[in-house]
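S.K.: Whole structure, please, built from the sequences with the hints as guidance.
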Amino acid sequence: MGSRASTLLRDEEIEEIKKETGFSHSQITRLYSRFTSLDKGENGTLSREDFQRIPELAINPLGDRIINAFFPEGEDQVNFRGFMRTLAHFRPIEDNEKSKNAAVSEPLNSRTNKLMFAFRLYDLDRDDKISRDELLQVLRMMVGVNISDDQLGSIADRTIQEADTNGDNSISFNEFIKVLEKVDVEQKMSIRFLH
Amino acid sequence: QLSFKTLFFNPFDNLVCILLGISFTVWFTLLLVFIIVPAIFGVSFGIRRLYMKTLLKLFEWATLRIERGAKENNHLLYKPYSNAIIAKEPTSLEEEIKEIRRSGSNRDLNSAPEFEMSDIFYFARRGVASIMDDEVTKRFSAEELESWNLLTRSNNNFHYISLRLTVLWGLGLLIRYSFLLPLRVTLAFTGVGLLVFLTCVIGLLPNGRLKNFLSQKVHLMCYRICVRALTAIITYHDSENKPKNGGICVANHTSPIDVIILASDGCYAMVGQIHGGLMGVIQRSMVKACPHIWFERSEVKDRHLVAKRLSDHVEDKSKLPILIFPEGTCINNTSVMMFKKGSFEIGATVYPVAIKYDPRFGDAFWNSSKFGMVNYLLRMMSSWAIVCSVWYLPPMSREEGEDACQFANRVKAAIARQGGLVDLLWDGGLKRGKVKDTFKEEQQKLYSKMLVALPLLKPIAHR
Numbered sequence: 001m002g003s004r005a006s007t008l009l010r011d012e013e014i015e016e017i018k019k020e021t022g023f024s025h026s027q028i029t030r031l032y033s034r035f036t037s038l039d040k041g042e043n044g045t046l047s048r049e050d051f052q053r054i055p056e057l058a059i060n061p062l063g064d065r066i067i068n069a070f071f072p073e074g075e076d077q078v079n080f081r082g083f084m085r086t087l088a089h090f091r092p093i094e095d096n097e098k099s100k101n102a103a104v105s106e107p108l109n110s111r112t113n114k115l116m117f118a119f120r121l122y123d124l125d126r127d128d129k130i131s132r133d134e135l136l137q138v139l140r141m142m143v144g145v146n147i148s149d150d151q152l153g154s155i156a157d158r159t160i161q162e163a164d165t166n167g168d169n170s171i172s173f174n175e176f177i178k179v180l181e182k183v184d185v186e187q188k189m190s191i192r193f194l195h
Numbered sequence: 001q002l003s004f005k006t007l008f009f010n011p012f013d014n015l016v017c018i019l020l021g022i023s024f025t026v027w028f029t030l031l032l033v034f035i036i037v038p039a040i041f042g043v044s045f046g047i048r049r050l051y052m053k054t055l056l057k058l059f060e061w062a063t064l065r066i067e068r069g070a071k072e073n074n075h076l077l078y079k080p081y082s083n084a085i086i087a088k089e090p091t092s093l094e095e096e097i098k099e100i101r102r103s104g105s106n107r108d109l110n111s112a113p114e115f116e117m118s119d120i121f122y123f124a125r126r127g128v129a130s131i132m133d134d135e136v137t138k139r140f141s142a143e144e145l146e147s148w149n150l151l152t153r154s155n156n157n158f159h160y161i162s163l164r165l166t167v168l169w170g171l172g173l174l175i176r177y178s179f180l181l182p183l184r185v186t187l188a189f190t191g192v193g194l195l196v197f198l199t200c201v202i203g204l205l206p207n208g209r210l211k212n213f214l215s216q217k218v219h220l221m222c223y224r225i226c227v228r229a230l231t232a233i234i235t236y237h238d239s240e241n242k243p244k245n246g247g248i249c250v251a252n253h254t255s256p257i258d259v260i261i262l263a264s265d266g267c268y269a270m271v272g273q274i275h276g277g278l279m280g281v282i283q284r285s286m287v288k289a290c291p292h293i294w295f296e297r298s299e300v301k302d303r304h305l306v307a308k309r310l311s312d313h314v315e316d317k318s319k320l321p322i323l324i325f326p327e328g329t330c331i332n333n334t335s336v337m338m339f340k341k342g343s344f345e346i347g348a349t350v351y352p353v354a355i356k357y358d359p360r361f362g363d364a365f366w367n368s369s370k371f372g373m374v375n376y377l378l379r380m381m382s383s384w385a386i387v388c389s390v391w392y393l394p395p396m397s398r399e400e401g402e403d404a405c406q407f408a409n410r411v412k413a414a415i416a417r418q419g420g421l422v423d424l425l426w427d428g429g430l431k432r433g434k435v436k437d438t439f440k441e442e443q444q445k446l447y448s449k450m451l452v453a454l455p456l457l458k459p460i461a462h463r
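First to last, the protein sequences are chains Y and D. Note that full-length UniProt numbering gives residue 173 to position 173 of the first sequence, counting from 1, and the numbers run on in steps of one. Note that full-length UniProt numbering gives residue 238 to position 238 of the second sequence, counting from 1, and the numbers run on in steps of one.
Misleading hints may appear alongside valid ones.
[Said to hold, decoys possible] Okay, derived cross-link-like pairs now, DSS-like style, lysine-lysine, Cα gap no bigger than 30 Å in a straight line:
no., chain 1, residue 1, chain 2, residue 2
1, D, Lys356, Y, Lys40
2, D, Lys449, Y, Lys178
3, D, Lys434, Y, Lys40
4, Y, Lys40, D, Lys88
5, D, Lys138, Y, Lys40
6, Y, Lys182, D, Lys449
7, D, Lys449, Y, Lys129
8, Y, Lys129, D, Lys445
9, D, Lys317, D, Lys340
10, D, Lys440, Y, Lys129
11, D, Lys71, Y, Lys19
12, D, Lys88, Y, Lys182
13, D, Lys71, D, Lys57
14, D, Lys317, Y, Lys40
15, D, Lys436, Y, Lys40
16, D, Lys319, D, Lys288
17, Y, Lys18, D, Lys71
18, Y, Lys40, D, Lys340
19, D, Lys445, Y, Lys182
Calculated from the structure, these hints are not laboratory results.
M.R.: Rendered as structure tokens:
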């Protein structure tokens, strides 16, 4: 009884989040309801355990990497603003946004930012480079025990060879963008809302 | 004798006593005539259905009023959607990753499988989609409603209201807590008290047809009183399929009230763990009148023992059908979760039953992590009513070549279909426990097949 989801989120906050992320009013209140239902400790922030309680995420091979994307460097709690900021990367790109004025700062769900999200899933130590070791570790997460070290190693080598253009044996963000330039990132890294 | 005679020393005192005496007598007579006697004979005056219709009209008015009020004040309404908020792709891992690769490459897709950096998009999107909305965690909290039923506990728009609505809500509160609640608590005590007392008395009789007959009548009567104690308005469908002796009745589980709902229409042998306290007293006296299957806490873990007692019971055709809830825990009545296969291994005929509550009158789901049993019962008894539908489905048996798990899933699908519930493969145990690693390993295996050709996959040691 008493105050519930949308009554705790003030209109000014909703406006701010709307400006920052581009989500609509109803989407924000809906996601706030989701945020509070995940927040078992009822302290206004989510911890890693709160995410791990979602079974579909727990069985995702890259579940831990995705959870990590929500937490800024060194922090263990994420509040609703941070939650929305990360989710905003997956908002579909609307047509009227494509022709937006270049002076406006890049929206969170631009193609570049979507690619940055994916890049950070690979870049474990956040040094803006995907090294061979990092690629191997992520590959190992995705395949489990089904592929031998040697094969995985050769897959990693081949991938770096194809992507690396400046010869430093690791993949930078620009090289990453180049490799994926033909992929339909806008669609594949977007989640469509039903209303 | 009333003890406040000693507290008040004025002539007003006598008058108060007389008035109280009269009102208690009237109260109990009304109770007896309109509620208890019909319960004993299983007839109904139709008062509850009339009540239900009136309430529905009231709720519609209240919801419209809120919407109008919100529009006038230019507030945006919070509209709950118990269905999905995001579009979920029903495609498999293989299809989706192939699609991603196809969009990014000129190469012929039938060439040897290999890794693409874009593969990660699949996992990223699936993961974030499950963070926004997943199929499992929302089953363990109460369903959200679109119309308002004048209970603050179920509405997020409460502060957007007019004076008339507040008055109505206040009136509703008054009626529910000062009239309905005491009435229902009285009935509940009557029902339970009679059950304990009468079953003990019947237990003194020698085993035989008379004992069974009386035991059935007593159980039915007391459960019917309890049904009225909750103002439960139940519609039974397809009663020709009611469970028979030697069978097992399985139903989806939403709350402890499920037992009362089913047992007021038929006689069952209950299965469960022996509790302490009041519950234990009730259980111990019930078993005096007819054979129920109660387990000690330590015995519950022993699956063979459980299976043996269940199969011994079903083999004796003079014993009542067993009532079991295979989900093992309370789910919020929007879905049916994994059935534990124990009851499906025994080989008896299974009588599936689907129970669907109408959430507009009061949410029957017991969120055991939020409310204890007493708190829950009080909430139930101070709601407007419990309205539900029960469907007795045709009996099913295990077919040739079907194992217990497949049989359980078949029964579950039938129940889900009839009750209009979502059929999920997830285990209700995920309410409290962690998901098994095998599911993640399956995902990893599926993905590995896209990286290297099948013969090169490392063999996994079988468990």
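S.K.: Determine for every hint whether it applies to the structure shown.
M.R.: Hint check results:
At most 30 Å may separate the alpha-carbon atoms for a hinted pair to count; lysine 356 of chain D and lysine 40 of chain Y meet this at roughly 28 Å. Between the alpha carbons of lysine 449 of chain D and lysine 178 of chain Y the distance comes to roughly 26 Å, so the proposed pair stays at or under 30 Å and holds. For the hint pairing lysine 434 of chain D with lysine 40 of chain Y, the CA-to-CA distance comes to about 15 Å; that is within 30 Å, so the pair holds. Under the criterion of a C-alpha separation no larger than 30 Å, the hint pairing lysine 40 of chain Y with lysine 88 of chain D is consistent with the structure, at around 25 Å.
With a CA separation close to 13 Å, the supplied pair lysine 138 of chain D and lysine 40 of chain Y stays within the 30 Å bound. At roughly 24 Å between alpha-carbon atoms, lysine 182 of chain Y and lysine 449 of chain D fall within 30 Å of each other, so this suggested pair holds. At roughly 28 Å between alpha-carbon atoms, lysine 449 of chain D and lysine 129 of chain Y fall within 30 Å of each other, so this suggested pair holds. With a CA separation close to 28 Å, the supplied pair lysine 129 of chain Y and lysine 445 of chain D stays within the 30 Å bound.
Proximity of lysine 317 of chain D to lysine 340 of chain D is assessed by CA-CA distance (about 24 Å); at most 30 Å being required, the pair is judged to hold. With a C-alpha separation of about 28 Å, the suggested pairing of lysine 440 of chain D with lysine 129 of chain Y holds against the 30 Å cut-off. For the proposed pair lysine 71 of chain D and lysine 19 of chain Y, the alpha carbon gap of about 24 Å is at most 30 Å, so the pair holds. For the hint linking lysine 88 of chain D to lysine 182 of chain Y, the alpha-carbon distance of about 24 Å falls within 30 Å, and the restraint holds.
Between lysine 71 of chain D and lysine 57 of chain D the alpha-carbon distance is near 21 Å, which keeps this suggested pair within the 30 Å criterion. Note on lysine 317 of chain D and lysine 40 of chain Y: the hinted pairing is violated, with a Cα-Cα distance of about 48 Å set against a maximum of 30 Å. Only pairs whose Cα atoms come within 30 Å are accepted, and lysine 436 of chain D paired with lysine 40 of chain Y is accepted, the gap being roughly 21 Å. Among the hinted pairs, lysine 319 of chain D with lysine 288 of chain D is consistent with the structure: their alpha-carbon atoms are about 14 Å apart, no more than 30 Å.
For the proposed pair lysine 18 of chain Y and lysine 71 of chain D, the alpha carbon gap of about 21 Å is at most 30 Å, so the pair holds. About 27 Å separates the Cα atoms of lysine 40 of chain Y and lysine 340 of chain D, which keeps this hinted pair within 30 Å; it holds. At roughly 28 Å between alpha-carbon atoms, lysine 445 of chain D and lysine 182 of chain Y fall within 30 Å of each other, so this suggested pair holds.
Hint 14 from the list above is the single one not met by this structure.
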